[in-house]
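K.L.:
Residues per chain are reported as follows:
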Amino acid sequence: MSRHVVIVGAGPAGLAAVEHALRAGARVTVLDQAESPGGQYHRRPPGADAARHGRSDFDRRRRLLAHPRCRWWPGAAVWAFDRVENRLHVLRGQPDGSGRRRLTLVPDALILATGAHDRTLPFPGWELPGVYTAGAAQALAKGERVAIGGRVLVAGAGPFLLPVAESLLDVGAEVVAVLEANPFTTVRKGWSARPWRLAAQAGKAGELGRYAATLARHRVPYRFGRAVIEARGADSVREVVTAGVRADWSIIPGTERTYEVDAVCVGHGFVPQPELAVAAGCVLDGGFVKVDGEQRTTVDGVFAAGEITGIGGAVTSAAEGAVAGRAAAGEKPAPALIRARDRALTFAGRLASAHPIGTAWRSWLREDTIVCRCEETTYGELVRATTDPARPGPHALKLGTRAGLGPCQGRMCGPAVSELCGGTERHHRPIAQPIRLGELAARTEGEPG
Amino acid sequence: MSDRPIRITVDGEALTGIAGQSVAGVLLAAGRISWRTTRSGAPRGVFCGIGACFDCLLTVNDVPDVRACRRPAADGDEIRTQSREENT
Numbered sequence: 262m263s264r265h266v267v268i269v270g271a272g273p274a275g276l277a278a279v280e281h282a283l284r285a286g287a288r289v290t291v292l293d294q295a296e297s298p299g300g301q302y303h304r305r306p307p308g309a310d311a312a313r314h315g316r317s318d319f320d321r322r323r324r325l326l327a328h329p330r331c332r333w334w335p336g337a338a339v340w341a342f343d344r345v346e347n348r349l350h351v352l353r354g355q356p357d358g359s360g361r362r363r364l365t366l367v368p369d370a371l372i373l374a375t376g377a378h379d380r381t382l383p384f385p386g387w388e389l390p391g392v393y394t395a396g397a398a399q400a401l402a403k404g405e406r407v408a409i410g411g412r413v414l415v416a417g418a419g420p421f422l423l424p425v426a427e428s429l430l431d432v433g434a435e436v437v438a439v440l441e442a443n444p445f446t447t448v449r450k451g452w453s454a455r456p457w458r459l460a461a462q463a464g465k466a467g468e469l470g471r472y473a474a475t476l477a478r479h480r481v482p483y484r485f486g487r488a489v490i491e492a493r494g495a496d497s498v499r500e501v502v503t504a505g506v507r508a509d510w511s512i513i514p515g516t517e518r519t520y521e522v523d524a525v526c527v528g529h530g531f532v533p534q535p536e537l538a539v540a541a542g543c544v545l546d547g548g549f550v551k552v553d554g555e556q557r558t559t560v561d562g563v564f565a566a567g568e569i570t571g572i573g574g575a576v577t578s579a580a581e582g583a584v585a586g587r588a589a590a591g592e593k594p595a596p597a598l599i600r601a602r603d604r605a606l607t608f609a610g611r612l613a614s615a616h617p618i619g620t621a622w623r624s625w626l627r628e629d630t631i632v633c634r635c636e637e638t639t640y641g642e643l644v645r646a647t648t649d650p651a652r653p654g655p656h657a658l659k660l661g662t663r664a665g666l667g668p669c670q671g672r673m674c675g676p677a678v679s680e681l682c683g684g685t686e687r688h689h690r691p692i693a694q695p696i697r698l699g700e701l702a703a704r705t706e707g708e709p710g
Numbered sequence: 653m654s655d656r657p658i659r660i661t662v663d664g665e666a667l668t669g670i671a672g673q674s675v676a677g678v679l680l681a682a683g684r685i686s687w688r689t690t691r692s693g694a695p696r697g698v699f700c701g702i703g704a705c706f707d708c709l710l711t712v713n714d715v716p717d718v719r720a721c722r723r724p725a726a727d728g729d730e731i732r733t734q735s736r737e738e739n740t
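Chains as they are written, first to last, in the numbering used here: chain P, 262 to 710; chain E, 653 to 740.
It should be emphasised that the hints constitute simulated quantities derived from the structure, not laboratory data. Careful, some of the hints might be misleading.
To give an idea of the interface, some chain E residues facing chain P are shown, with a C-beta separation under 10 angstroms as derived from the structure [unchecked claim]:
no., residue
1, Thr-668
2, Ser-674
3, Ile-685
4, Ala-694
5, Phe-706
6, Asn-713
7, Arg-722
Every residue, glycine too, gets a C-beta built ideally from N, C-alpha and C.
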């Protein structure tokens, strides 16, 4: 019988893996939390027929979910991986609902394509309603045609801010400005070193041109070297303070400017979602899952593709997914697939060097600035705890300040706390997705055959 | 877009949304931007929009701690806003 490849995540990486694992003759099971495939990148309004980006590849791959050797499980939350029994634990049903079905799968090979979520650095007032991650603004605009506000400021770092601004304009919001914290010199140097290497990503240049034209048409200013340093308001955002920042993101005094807005969206890059890879025992490198030339993790039979191995966007994710799909099905990936993946990785490297995170962002914080949103732990509390000899080490710090112990389990504050307190970020969350106690106690339906 | 309307109630107030929208989408479209209070009593609503931050928790048909951004809204859903104390 052919190999059974289980793929977690139906975004660009997962869907490319489906296509190539099927081509190599494997049986495939694909799981995703959402009701429809595409991940965050191909998010579409209810009932919409076609995505704007990468339409042909996406539509072809989406149709493969109906292939006779493919089983598609939407609405599936993978909440644990038992590495002793090689068993994936899944809940199927309404998100966070009661009465979900508990199922397990024992794959011959597992491909993790669980993606990433926005990173937003803390600043005073970032916990106010009306402050959103760039990804939230995008998800609501693209997926539901809802604008997060009437007058919106978009800020942070990276090219992702541009499609976010475009989507906001599409749903009728006024975008007062788009601010890239890095100076023009950093961005230019990052993108233009050895430009011929970017030829493979020529489509990206056209996309950037389109965003630039859209911003110009709507008279939205795009500024380098400026950042949001505070959001103000009583129960929701009323105004936002921006400032000019140096290359290390320290504030240039006297450059502050206040905008009246009813929403702000901020994105400082992305954080991988590596819980299942960690549960499987995969080694991480700088927070990302370490993979070899064929997308194998350090654990036999477990592969990783897409944003959990490094941030590179949809094209890179799909290129990695294709290699992972072939390799997981037991076939040697063709040199052309490997070359396409390597070219895409060059692009990912550019992205990182053009849009770094400045180390002086902590100078935006005040004593009472909330860092852990769930437990409302402040910067002052963290600093005091770090210097307290009675609380040595990250574990004591966590217990003493409660940073990272709330409902999100450190997903939002983890990188900030580890950077501020000089520790390492822990990604070990034994329960990767919330599960109700009743569901935990319920009988498991095993995999037939 | 099919635009099939659905009706839900939020703390007893009737709201109209479109089939396929998340509970968060229906609330935001109706101008509600916060529906949960933290331990300190501060208001919260959507932050990350994709299920990672747990800021948007609310109670759906008597089941607490449902992420509003992940749950598709269904016709007739009864939604209640919730405070952190209620469940800790």
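K.L.:
Evaluate each hint against the coordinates.
P.N.:
Tested hints:
{"no.": "1", "hint": "Thr-668", "in the structure": "violated (13 angstroms)"}
{"no.": "2", "hint": "Ser-674", "in the structure": "holds (7 angstroms)"}
{"no.": "3", "hint": "Ile-685", "in the structure": "holds (5 angstroms)"}
{"no.": "4", "hint": "Ala-694", "in the structure": "holds (7 angstroms)"}
{"no.": "5", "hint": "Phe-706", "in the structure": "holds (4 angstroms)"}
{"no.": "6", "hint": "Asn-713", "in the structure": "holds (9 angstroms)"}
{"no.": "7", "hint": "Arg-722", "in the structure": "holds (4 angstroms)"}
The earlier numbered hint that this structure contradicts is number 1, and it is the only one.
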